[in-house]
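A.B. asks: Sequence:
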Amino acid sequence: MLRFVILGSSSSGNALLVFSKTTRLLVDNGFSYKRLSQTLAGLGILPESLDAVVVTHEHADHVKGIGVLARRTNMPVFMTHGCAKALPEYVGHVPNLNCFESGDTLRFNDIEATSFAVSHDAADPVNYIFHSNGAKLGMTTDCGHYSQLTRARLAGSNALVIEANYCPDMLRCGPYPPQIQQRIHSRMGHMSNLDVQQMLRELRHENLRLVVLSHISRDNNTPELACRLAREVLHDFPIEVTAAPADGASPVFEVMP
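Per numbering that gives the first Met the number 0, the sequence shown runs over residues 0 to 256.
You may find that some hints are simply not true.
Stated by the list, open to error - Computed cross-link-like contacts, DSSO-like style, restricted to lysine-lysine with a CA-CA straight-line distance of at most 30 Å:
hint, residue 1, residue 2
1, Lys63, Lys84
2, Lys33, Lys84
3, Lys20, Lys63
4, Lys63, Lys33
5, Lys33, Lys20
Hints listed in this document are in silico derivations from the structure and should not be mistaken for laboratory results.
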């Protein structure tokens, strides 16, 4: 059975654990070793028991804990060539670094992770879909444009983790200066609640059972608003919609085929 838990989902730090009975795969690590260890301990998991880390892109809230984790555990770390070249200096040496091309499929025991390119202001960023024993989990985060490729990769997912970063009205009337607003709103920025609605209209199907909204801005959105708007386009489907907590771990979710 494929399961996942969001360990943190905000500009302060992001990490997602995808696991089965035999495999534990971490997606990103924007947390200190101490913070990650404490969060994993709540799940009865030690950092050294993780099988690998796969990285989406090199921004601090996704990679600032990658180097220490890799050096302490010698855990294999996977990222695109462009991401590896752009890693911030503070990440330090990553001893067991494995680079791949966007679009490649990585195999970790009974979990397959297929990468796909996304539009974001980073070096060769990717998102992932995960397959295990007939179940499919799709994730998209830090993505400014819902492309045909993203649609194709996420289609048929049984569960989705989707960024719902901002409400356009709250962003426009909020505290951010115009240049930051433009970055967030651009095709190289983040997904809005309206983008999420468009995605869900096209991705909803009878075997999609769960949607988890993530990376929700504290200043430019609310979990309640994001979930309400997502549910509006899913009202004819028995699909659970929930929001990932900004701090701390989410519940453990099961991906049912």
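A.B. asks: The structure should be examined with respect to each hint, and the outcome stated for every one.
C.D. replies: Taking the hints in turn, this is what the structure says about them:
no., hint, result
1, Lys63 <-> Lys84, "15 Å, holds"
2, Lys33 <-> Lys84, "26 Å, holds"
3, Lys20 <-> Lys63, "28 Å, holds"
4, Lys63 <-> Lys33, "13 Å, holds"
5, Lys33 <-> Lys20, "25 Å, holds"
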